[in-house]
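Participant: In case you want the letters, here they are:
There are 2 protein chains.
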Amino acid sequence: MFKPIKNKKVYEHVIEQIQNMIIDGVLKQGDRLPSERELASQLNVSRTSIREALRSLQIIGLIESRQGEGNFIKENIDETLFEPLSIMFMFNKDKPEDILDLRIAIEVQAAYLAAKRVTEEDKKELENILKKLNKVEKEGNEKIRAKYDKEFHYKIAKITGNYFIINLLNNISSLMESFIIYAREMILKAVDDKSLLIYQHEKIYNAIITNDSEKAASYMREHLELINTHLM
Amino acid sequence: MFKPIKNKKVYEHVIEQIQNMIIDGVLKQGDRLPSERELASQLNVSRTSIREALRSLQIIGLIESRQGEGNFIKENIDETLFEPLSIMFMFNKDKPEDILDLRIAIEVQAAYLAAKRVTEEDKKELENILKKLNKVEKEGNEKIRAKYDKEFHYKIAKITGNYFIINLLNNISSLMESFIIYAREMILKAVDDKSLLIYQHEKIYNAIITNDSEKAASYMREHLELINTHLM
DNA sequence: TTCTTCTATAGGTTATACTAATATAGCATT
DNA sequence: AATGCTATATTAGTATAACCTATAGAAGAA
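Note that the protein sequences, when read in sequence, are chains A and B. Quick note: the first sequence uses the numbering used here, first residue 1, plus one each step. Quick note: the second sequence uses the numbering used here, first residue 1, plus one each step.
You can trust all of the hints, since none of them are fake.
In this list, chains with the same sequence are indistinguishable; a pair is considered to hold if it fits within one copy or across any two.
Calculated lysine to any residue pairs in the SDA-like style (CA-CA distance at most 25 Å, straight line):
| hint | residue 1 | residue 2 |
| --- | --- | --- |
| 1 | 203 | 222 |
| 2 | 215 | 148 |
| 3 | 8 | 35 |
| 4 | 9 | 40 |
| 5 | 9 | 37 |
| 6 | 93 | 116 |
For the record, the hints were derived by calculation from the structure and aren't laboratory data. As the structure is a prediction and not an experimental result, all values here were calculated from the model.
Taking the hints into account, I'd like the entire structure generated from these sequences.
Facilitator: Written out as structure tokens, the structure reads:
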């Protein structure tokens with residue numbers, strides 16, 4: 001008979017409004033929001049509520065607060081996922097290897113899609129990275145080796161053009177580095193037969209440039225499984 | 001050469017302390033935090049700062065605020081990723097199909113791992129779901145069909161025991177449902193040859209119960225690619 | 001016992017005052 | 001003309017106090 005009154009929290013309303021303004025294109029990346037006081041008066045709520053909303057938007061990576069300047073829609077939202085993934089990792093600390101399996105999921109699909117979508121320009125870039133990688137593979141410097149290795153995998157993700165894949169891979173890498181320090185270097189040291197790694201990279205590369213998506217995926221899986229077994 | 005001076009915001013300190021208490025095991029899932037006023041006095045900061053910290057922790061899904069009761073460490077953090085993924089989706093609205101490729105990434109790996117880790121009990125459960133699915137496939141009700149279809153895929157993710165995979169799949173499903181309403185029903189309607197779907201599900205099932213991870217992965221990919229093409 | 005009401009305490013919201021960082025403009029020195 | 005300084009306005013960051021609202025549990029009434 002009697003209808004219940006509204007319930008939603010004020011700060012939730014504020015979050016919603018700002019999100020909508022972004023969806024509708026009123027606010028774009030890099031734009032500055034009205035000042036907290038102005039927002040408060042425009043929405044007719046207290047500045048505290050505005051701030052709680054802004055704080056939330058900041059944590060999920062949507063805006064950036066700069067004291068003395070204002071609140072801005074983030075240009076680069078590549079780290080959006082990092083915090084939540086870290087949280088999941090925290091509660092999952094018994095099984096850190098799970099993150100490695102997630103990485104395989106992403107990278108295998110990345111290789112598959114890359115083989116389908118690779119352009120001529122991509123092929124050249126990928127070839128360059130591979131050449132550099134093979135060159136330093138014979139020298140001693142682990143760090144440089146790790147750098148190009150990372151670049152190779154990252155480039156493949158880039159070729160897919162899939163924002164989620166690029167982003168997830170980035171975040172997984174960050175997470176791995178935070179928790180398993182120097183993971184990559186350790187892995188590379190653990191693998192005795194360096195030429196095996198070179199060979200695997202080349203197989204992946206060849207599959208991608210010949211648009212053989214199935215093979216690209218399975219070679220990538222083979223490559224990452226090898227690395228995983230050495231990590232355990 | 002010159003190092004920047006410290007700056008950290010007060011609420012960031014608060015967040016850090018609470019996170020550390022969780023990592024160190026002082027606070028466990030379901031535990032109640034001290035009241036806001038008590039936290040404020042214990043940490044010697046204002047309640048405003050405490051609240052901004054708590055609000056942030058709430059948004060990333062770490063705690064839950066219940067008015068009149070208190071703030072609690074979340075029991076079930078399955079929705080942790082949803083918000084950030086939505087944000088990414090917002091900025092990526094030109095290419096909604098990217099989420100489908102991410103889904104393939106997750107599910108292909110899920111099938112691969114499931115084939116390796118499946119137990120006898122899992123096999124029975126999966127078989128039951130498959131039987132129900134085949135049964136309703138011939139009847140008309142799309143909704144029930146969609147329900148069991150979803151259950152089949154979810155069970156495979158569950159078998160992996162990988163928290164990230166289960167969680168990501170959940171979130172991707174939510175996201176798909178939010179943005180592509182009734183996606184699953186639409187897909188099922190679009191695929192003329194129902195028996196093809198049955199056949200694909202059975203191939204995946206057989207690969208998993210015979211521990212053939214390679215085949216499980218490739219059949220799963222085939223299955224999802226078919227669905228994707230019908231969605232575009 | 002069962003139901004209602006009261007009460008203490010929790011989070012939710014507002015208002016106000018102050019602190020700290022930043023950009024800008026204007027002025028002075030060189 | 002370039003640099004350095006200072007005052008000022010504007011912004012976010014923090015603190016405090018008061019009050020609103022939801023909840024659980026105690027107290028009381030039936």
